[in-house]
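Residue numbers (our numbering), protein chains in the order written: chain A, 9 to 392; chain B, 37 to 376; chain C, 6 to 375.
Don't take each hint at face value.
[As the list claims (entries may be wrong)] Straight line, CA to CA, 27 Å or less: simulated DSS-like cross-link-like pairs of lysine-lysine: (1) A:K288 to C:K369; (2) A:K245 to B:K258; (3) B:K207 to A:K58; (4) C:K126 to A:K288; (5) A:K58 to B:K258; (6) C:K126 to C:K369.
Because the hints were derived from the structure by calculation, they are not lab data. Just so it is clear, the structure is predicted and the values come from calculations on it, not from any experiment.
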Amino acid sequence: MFSSLKFRQYAIQIFLLLALVIFFLFIANNAEENMAARNMTAGFGFLEEKAGFPILFSPFIEYNAAINSYFDTFLIGFGNTVLVSILGIITATIVGLIFGVARLSQNWLVAKIASVYVEVFRNIPLLLQITFWYFAIMIPLLPSPRQSFTLGGDWFVMNNRGFYVPEVTGDGLSTLLYALLFAFVLIYFFVKWAKKKQAESGTVLPKFWLSLLILIIVPTIAVVFSSGNLELVFPEKGRFAWRGGWVVIPELAALWLALTIYTGTFIAENIRGGILAVSKGQTEAALALGLSRSQTLRLVVIPQALRVIIPPQTSQYLNLTKNSSLAAAVGYPDLVSVFAGTALNQVGRAIEIISMTMLVYLTLSLTISICMNIYNSRMKLRER
Amino acid sequence: MLKNTFKLVIGLFALSSMVVASAGTLEDVKRKGYVQCGVSTGLPGFSAPDDKGLMQGLDADLCRAVAAAVLGDASKVRFSKLTAKERFAALASGEVDLLNRNTTWTMHRDTGLGLNFAGVNYYDGQGFLVKKSLGVKSAKDLDGASVCIQAGTTTELNLSDYFRANGMKFKAITYDTSDQTRSGFEAGRCDILTSDRSQLAALRLGLKNPSSAVVLPEIISKEPLGPVVRQGDDQWFNIVKWTLNAQINAEEMGITSANVDKHANDANATPGVKRLLGKEGGFGAKIGLSDSWAYKIIKQVGNYGEVFKRTVGADSPLKLARGTNELWSRGGILYAPPVR
Amino acid sequence: MTLQEFNHRYQNLQYRPGAVGWVFKNLLSSPFNILLTFGALYILYLIIPTSLNWLIFDSYWEGESSQDCNFDAACWVFIKARFNTIIYGFYPQEHLWRPNLVLLLLVIGLSFVLIDRFSNKLRLRAGMVMLFAFPFVAFAILHGSLFGVEIFDPIVRTEQWGGLVLTLVLSLGGIVLCFPLGILLALGRQCKTMPVVKYVCIWFIEFWRGVPLITVLFMAAVMLPLLLPEGTEFDKLSRALIGIVLFEAAYIAEVVRGGLQALPKGQYEAADSLNFSYWKQTNLIILPQALKLVIPGIVNTFIALLKDTSLVSIVGMWDLLNSAIGSTRDPNWIGYIIEAYVFAGALYWLLCFSASKYSQRLEKKLSTER
């Protein structure tokens, strides 16, 4: 009896493997036959060919359609996907945190507004939201370049071509960046030291404000005393649109906004769930110890809630990254829009291009999962 | 469980042996009883549904002409609405028998994708649509402009080439569909919209205020648009090619849907007319069709000039001039090989 | 009165009965709360009157053409005029009774399944009918033929389906079709004795969960034709459905796995002790209990799928979103884009919100039952 069960289990597994192999061979064979019948060639050689088509937005790589290859368009698309994902993750977390806490507010009105926000935007398709912000709000309702909305001269310019702020350039820029980096290292050690001190003597230092001070003072000193100078390049009116300065194009803005609002609702629910999971006794005990409400939240509730919050948060970040692929609907040049869209159309290598695109998303998913797992294991309850 | 697994494996084998021995497209079409024709998702004048949902336009009527030639009935056609992205895959996979989707004939597409272009049914060229308020008179004034453009088209490549050749800079906002392109242009996301000139006319008509935009005089590329078939089926290729040629020849000979019966019954007709209408020479058999193939095309769909006038020309909202698409004998470049 | 006294009296206001007490307790309990309340009121003051005026009070309801509207407020005339396109797509106007009949059957069938006033036995039977028979009936009515047998005249090919009907076909069809595959994957992933089965299932699930649906739809649209034997034909709808089913099965599998893991170990041991075969154990003891636990999860997956079906508009299908936006391209109705978005958004919202409320109620009920 036992051996026959064992035999059956082996047989099933071997059959499954065989079936898979046959299936993949079948697919590969079809692809080969179909492509041969159509005179199509396979392979990744096309990646070195000149792309020749324009790309709207390429903040990391200088792009020239006449010089750059299809592989470069792949990198640009990838970079833009990562950019909007990171921006979206940051803002969605902030929005989610605010509304998640607001839903639990003692203030009836605030709690109601927060739940209306969550229930409305969670139940409307993201694609609809993205195209709504773009085609129904930003493009038609923002002023045209000639009637731009400006703030403080040219410090901030807003029109339907983008949101402009002055760009910081000059040879002092690298000094500034190094100084910022140095300031962060300094803050890291300062916080570590302050925690140690608190554990030893009980003195509580205003960590946040002192850190902020470091962050401002160190770069200022570096810039003032170094030889390099910093320049501000203001956006200026051109013949057709504004030029110069840092600009957030409306495609990015709409996608970013929609991703933030949509994912924010899910994050708000996570955070609310996490806070509710911390038993009321914890809050009461902390208050009884004389901690203030904000201290209770910061020192007692949030650290415990985070353990509940982080696993579902990971999947929200994953979703946001995957959802950024809807960029094609508003013309933001992300990976899917540039590479699996335009490039695919120009060269027609469906199998190669779709596989590469999927592989990138799988890798991104895996990376986010691993990062969050590491963070999660560090936040775990350490029993002493 | 074992039994189920067996079934699965057997099923998979059965699946792999299911490779349908594909007959020629002509036999397929005759067996199905209709022509499956790939058209655009909505481009006025070329292929766009009217208020009854019927596909109308120059490309759609070429599909009808093929159906008339092959099946004797112009209505025996089914349309697949395809995006620019899907079109070649749909043709290659056999989902459509014929692709009439304002597709530009280029060397890469003709040689590298396993396709054959069966002729040109509209000679187009890329142009620019500009907001009147900008006061631009020529495309040479467009340095620094933002351009709205549709993804996955030859226009994207031409645009880059043109601006580079003239030493001008531009920003291209690439949308997925031509409707989005128009919305972006209308709302002012870009200063110019670039596309084939025939489409510019249609897109301009779709603006809230058509007179607020003008088409610039420059034509920056050659865009011969034509029907596409799969490579390797010469019979079907010939049928599509000669359907178009028959319509052009009919216009040249002055045969219209109104007078085709008179010509067909006229014993004194010229030999050319007789050959075209199947009274002499037996040319239908040479492409696997009945001898009255061209008669049916002209009777049911009309000659090229009639179709043009009805769909994109004087009788249509687009009101495009014949221009390049006029017969060679009247100053255009339309020139069909003779039936002989 | 000292500040302390004032504070004391102020705090006591919270304990007054009725509305006054409620307001002081919930809106004005502390300086911070007062600030929040007035801030929130100001924001509401900014948003609500303008939107209500635009949406309702100043909007246009009467008339037939765009002449009856102005751009200063919502033009619901436009929605009225294009209502059929938005709901039914290009389905032939004179045969609209067919999608209407399907919608009616759907509502009746679902109410038998969902309303808990009916006996469990009836609900289970209705569920079976909806799961196994309804899809065929619906297809036969909408399309006009089943397995090549013509039932209704004329045949309405799937290319003509559209609007809300197509969205429902894709989402309901997707969830029904991905169910068996999802369950198999979940069981496979739990399988401890056969590592090959387990890892194949894990790979499959993690692969589809790691890629965006839009790439899956692209794959179904441009890659699938190359991977199948020449001559195999699918219409656009089936290709999109294949993509959706593969994608969604992975998510359903994870939901079902949650249910399998939540079952007390005793259930597995008891099933073992009965000396049942694996399939008998699973079908009679494990699955019924696990599935009951995960119904809320399945409803949530369905909500996600319903929203995700809007992506088919990117591959050129005329679902609810695309039909609504497409209606604004009608030369007679150019420029009423916000109305289209609001209407489509409201329809999606209504469906998703009611489904999510239902699933929340179920969840509550399940947690009290245990």
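Each hint, compared with the structure:
{"no.": "1", "hint": "A:K288 to C:K369", "in the structure": "20 Å, holds"}
{"no.": "2", "hint": "A:K245 to B:K258", "in the structure": "35 Å, violated"}
{"no.": "3", "hint": "B:K207 to A:K58", "in the structure": "19 Å, holds"}
{"no.": "4", "hint": "C:K126 to A:K288", "in the structure": "41 Å, violated"}
{"no.": "5", "hint": "A:K58 to B:K258", "in the structure": "21 Å, holds"}
{"no.": "6", "hint": "C:K126 to C:K369", "in the structure": "22 Å, holds"}
Hint compliance for this structure: hints 2, 4 are not met, and every other hint is.
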